[in-house]
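Each protein sequence line maps, in turn, to chains A and B. Residues 1 to 388 in this note's numbering are what the first sequence lists, from first letter to last. Residues 389 to 804 in this note's numbering are what the second sequence lists, from first letter to last.
Careful: at least some of the hints might be erroneous.
Stated by the list, open to error - What follows is a set of in silico ranges between Cβ atoms, one per label pair, in the way DEER data are often shown:
hint, chain 1, residue 1, chain 2, residue 2, range
1, A, F60, B, E726, 28 to 38 angstroms
2, B, D457, A, D249, 19 to 29 angstroms
3, B, Q461, A, H116, 41 to 51 angstroms
4, B, P596, A, D118, 54 to 64 angstroms
5, A, D195, B, M389, 24 to 34 angstroms
6, A, D249, B, S704, 50 to 60 angstroms
7, B, P675, A, F60, 30 to 40 angstroms
8, B, A466, A, G301, 20 to 30 angstroms
9, A, H116, B, S455, 51 to 61 angstroms
10, A, R3, B, Q468, 38 to 48 angstroms
11, A, N244, B, S722, 36 to 46 angstroms
12, A, P82, B, C451, 14 to 24 angstroms
Calculated from the structure, these hints are not laboratory results. In this text the structure is predicted, and so the values were computed from the model without any measurement. The C-beta atom is built at its ideal place from N, Cα and C for all residues, glycine as well.
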Amino acid sequence: MRRQNYDGVALVAPTTLPYQRYSIETAHWWIARVLKTMLDGAGVKPAELDGFSVASFTLFPDTAVGLTQHLGLCPRWLDHIPMGGASGVVALRKAARAVQAGDADIVACVSGDTNHIDSFRALLSSFSRFAMDASYPYGYGGPNANFALLTDRYMTEFGADRADFGRIAVAQRANALNNPGAVMKKPLTLEQYLDARPIADPIALFDCVMPCAGAEAFLVMTVDEAEARGLPYATIGGAIERHNAHADDPIQLRGGWTMDIDELWGMAECSPEDVDLVQTYDDYPVISMMQIEDLGFCGKGEGPDFLRDKDMTITGDFPHNTSGGQLSGGQAGAAGGFIGLVEAIRQVTGQAGPTQVTGAKRALVSGFGMINYDRGVCSSAAVLEGVT
Amino acid sequence: MTERLKPPPRKNPQKRTVSPTSPPAMRSRASLGISAAAAEGRFMLQVCGECHAVQYPARDACCKCLSVDLPWQDVDPAGQLLAETTIRTSTNLYFRERSPWRTGSVKLDAGPVIIAHVHGDVERGARVRLENKLDRSGQGVLLAMPEERSPDMEDDPQLRAMSSDPKLRRVLIADGRNSNAVALAQALAEAGTSMIFVGESESWRPNPNRSALEKVPGVEMMALDVTDTSSVRELAGEIGGKTDILINNARFVRPGGVLERGDTAFAHDEMEVNYLGLMRLAQAFGPGMCGRTADGVNSAVAWVNVISAYALVNASDYGCFSASNAAAFSLSQSLRAEFRASGLRLMNVFVGPTEDDWHQPLPPPKVMPKALARDVVKGLRDGLEDVYCGDVAKDLRERFMAGPKILEREMTGGGA
Numbered sequence: 001m002r003r004q005n006y007d008g009v010a011l012v013a014p015t016t017l018p019y020q021r022y023s024i025e026t027a028h029w030w031i032a033r034v035l036k037t038m039l040d041g042a043g044v045k046p047a048e049l050d051g052f053s054v055a056s057f058t059l060f061p062d063t064a065v066g067l068t069q070h071l072g073l074c075p076r077w078l079d080h081i082p083m084g085g086a087s088g089v090v091a092l093r094k095a096a097r098a099v100q101a102g103d104a105d106i107v108a109c110v111s112g113d114t115n116h117i118d119s120f121r122a123l124l125s126s127f128s129r130f131a132m133d134a135s136y137p138y139g140y141g142g143p144n145a146n147f148a149l150l151t152d153r154y155m156t157e158f159g160a161d162r163a164d165f166g167r168i169a170v171a172q173r174a175n176a177l178n179n180p181g182a183v184m185k186k187p188l189t190l191e192q193y194l195d196a197r198p199i200a201d202p203i204a205l206f207d208c209v210m211p212c213a214g215a216e217a218f219l220v221m222t223v224d225e226a227e228a229r230g231l232p233y234a235t236i237g238g239a240i241e242r243h244n245a246h247a248d249d250p251i252q253l254r255g256g257w258t259m260d261i262d263e264l265w266g267m268a269e270c271s272p273e274d275v276d277l278v279q280t281y282d283d284y285p286v287i288s289m290m291q292i293e294d295l296g297f298c299g300k301g302e303g304p305d306f307l308r309d310k311d312m313t314i315t316g317d318f319p320h321n322t323s324g325g326q327l328s329g330g331q332a333g334a335a336g337g338f339i340g341l342v343e344a345i346r347q348v349t350g351q352a353g354p355t356q357v358t359g360a361k362r363a364l365v366s367g368f369g370m371i372n373y374d375r376g377v378c379s380s381a382a383v384l385e386g387v388t
Numbered sequence: 389m390t391e392r393l394k395p396p397p398r399k400n401p402q403k404r405t406v407s408p409t410s411p412p413a414m415r416s417r418a419s420l421g422i423s424a425a426a427a428e429g430r431f432m433l434q435v436c437g438e439c440h441a442v443q444y445p446a447r448d449a450c451c452k453c454l455s456v457d458l459p460w461q462d463v464d465p466a467g468q469l470l471a472e473t474t475i476r477t478s479t480n481l482y483f484r485e486r487s488p489w490r491t492g493s494v495k496l497d498a499g500p501v502i503i504a505h506v507h508g509d510v511e512r513g514a515r516v517r518l519e520n521k522l523d524r525s526g527q528g529v530l531l532a533m534p535e536e537r538s539p540d541m542e543d544d545p546q547l548r549a550m551s552s553d554p555k556l557r558r559v560l561i562a563d564g565r566n567s568n569a570v571a572l573a574q575a576l577a578e579a580g581t582s583m584i585f586v587g588e589s590e591s592w593r594p595n596p597n598r599s600a601l602e603k604v605p606g607v608e609m610m611a612l613d614v615t616d617t618s619s620v621r622e623l624a625g626e627i628g629g630k631t632d633i634l635i636n637n638a639r640f641v642r643p644g645g646v647l648e649r650g651d652t653a654f655a656h657d658e659m660e661v662n663y664l665g666l667m668r669l670a671q672a673f674g675p676g677m678c679g680r681t682a683d684g685v686n687s688a689v690a691w692v693n694v695i696s697a698y699a700l701v702n703a704s705d706y707g708c709f710s711a712s713n714a715a716a717f718s719l720s721q722s723l724r725a726e727f728r729a730s731g732l733r734l735m736n737v738f739v740g741p742t743e744d745d746w747h748q749p750l751p752p753p754k755v756m757p758k759a760l761a762r763d764v765v766k767g768l769r770d771g772l773e774d775v776y777c778g779d780v781a782k783d784l785r786e787r788f789m790a791g792p793k794i795l796e797r798e799m800t801g802g803g804a
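Put together the whole structure using the sequences plus the hints.
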């Protein structure tokens, strides 16, 4: 059976709070603030929200349930998305279906996390049962070493070198310099990237994201509702998710996108060359490379060659992670699963301001999440189109 | 190739002794099967009872068929290093202090992919053999070892961080009068210990082992009576700060159960030596050793008890002696828990009847002093917690694991 399309669903009010390296506030505070900023901007009252979707790592002991009482919300549709870097597109998929079905009229999809001194270490130590049992005891201060293994294998398998990954990081830094909310403020050269302090070979400092505090949000409503309110909106051409794909691959060189990619482009009735910009989940450059291959821009292992003569900045021929992504913007916990999606909504609706790609109408967003043990388990992607 | 360990320079008393830190200790209950196997140096994984798929990490249900029947079994430890990394920095203090630290991804021939510590002599992409080791948190971790032995491979810093290797360390053997003392001292000297203190009670009494002990390089005889608190404290004051491994081989043994003996005199002696002796040694030496577990090449590393295998189940011919050893065994579990935070390892060496005067009426097999000494040194090198020395102890362990109540009945005959 062919999947139902996402007709009639509008994505509006893309909202990002400027990130902070450390915050004394809680995840509750960050989520409340991004929600208020978004609702004020869109002219929506809290009482009008009847759907609420939350993604956060640092709400403990609360979940979306506790937040309803804490924030005084009374939704008739409530969701909590524990999928890390894949959570943005997953939240979008679920909220879109709720709106299409009439289970909710206006859904706020919100993500936010705080970052206290030492809270990142505490999160890592109990990230998942498999991580607690089988990776954290091996010195894995976070996913650095996991991605070092994937990068090591990718380089061996496909002959990539560090400069291939460096070009991704350098272009994103150039993009981030246009984004006043980004954590990183200084330019980065390829030489600096290559000479950086090693973290877990072959990963060095500029391959890693900086954990920080921040929040991202958007609203999902019907197109009719958006138009009645005079809000610029994006529509969903297609959207996919997949979990624990290719479980028998001994090491992750491909993600779940490969299982669903034909359906994504088929639903969206377009192909990779038709998009004006690409937002990949970039906790490490190797993962962006993997997504660019698995989403159909080039074949497996051809990412380095494909990107070598591309300009990935906002004025280039392959605009990628236009707000600087997590590598230069910072990784605000689960908000890292929203950063590309929220920026893509801004881009295709012409609201991206200093990072705007001229004439952007269609964007590809992809998510990747949850290093449960030795690999990322969740993958997601969506094609968005702008209507202004 | 691993660089050979050099004897450490004299300790600078003005410098602060490094505080022990610990690798992450939290595990799921299922995963404790790895630690239990590591305590005996076995490489075991869960194998599905229905579809035989080998599982890793430890699960509550099979990832191929959803069966919850997942018994632990010995598995072929051979595999191949798929990818590797050298961690230069970590959010975890233990690894941060020990960086660079090498880890990798190993595809086991038996199926699963295992993130493992990687020995320095393993070459890129090489075939490896996984070993299940206790790390300093006392939990099982997997270490990829080269297929072939390489010279000085036991000196690899990551391997040494998990073992209790006596090389370049200073050892105290508690009882120089025990018939195993000479063999222990010789085996430890051959293993490269830098000093062997040997305790001797009532030095005015002749000790048939003395001349042989004094011939072993590095041996220094010390006055020590484990039944005398002030004697134990005095020695701890003298050498407690340089005791890296303590081997408690003190033992009082007489045959007989409860009814055979007319009084509790021997039982007092058994408890004084076998149970309270351990407690006195631990109270005097334990805190100092726990404070020195991160003290460089010759850090404090292990506490060894030689315990009768009849601590697990009573042998009524030696019924009261067995009981004193059961008490010592139970106390050792408390000690192990108390040592946990420091990383000091407690190794129990369970022995069957030993080849000595007090076991003369028993039939073979009996444990020879050399065999005991060999197993102690091997257990230290492998970093074990539980060693079963000799055929009787191994047999008892197997029967005990299969069913303690059945074993109890078997011990008194009637298990034809």
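Against the structure, the hints:
1. F60/A x E726/B: 28 to 38 angstroms: With Cβ atoms ~31 angstroms apart, the hint holds.
2. D457/B x D249/A: 19 to 29 angstroms: holds (27 angstroms)
3. Q461/B x H116/A: 41 to 51 angstroms: holds (44 angstroms)
4. P596/B x D118/A: 54 to 64 angstroms: This hint holds: roughly 60 angstroms between Cβ atoms.
5. D195/A x M389/B: 24 to 34 angstroms: Holds: the Cβ-Cβ distance is about 29 angstroms, inside 24 to 34 angstroms.
6. D249/A x S704/B: 50 to 60 angstroms: holds (59 angstroms)
7. P675/B x F60/A: 30 to 40 angstroms: Holds, since P675/B and F60/A (Cβ atoms, about 37 angstroms apart) stay within the stated range.
8. A466/B x G301/A: 20 to 30 angstroms: Cβ of A466/B to Cβ of G301/A: about 29 angstroms, so the range 20 to 30 angstroms holds.
9. H116/A x S455/B: 51 to 61 angstroms: violated (42 angstroms)
10. R3/A x Q468/B: 38 to 48 angstroms: holds (41 angstroms)
11. N244/A x S722/B: 36 to 46 angstroms: holds (43 angstroms)
12. P82/A x C451/B: 14 to 24 angstroms: holds (20 angstroms)
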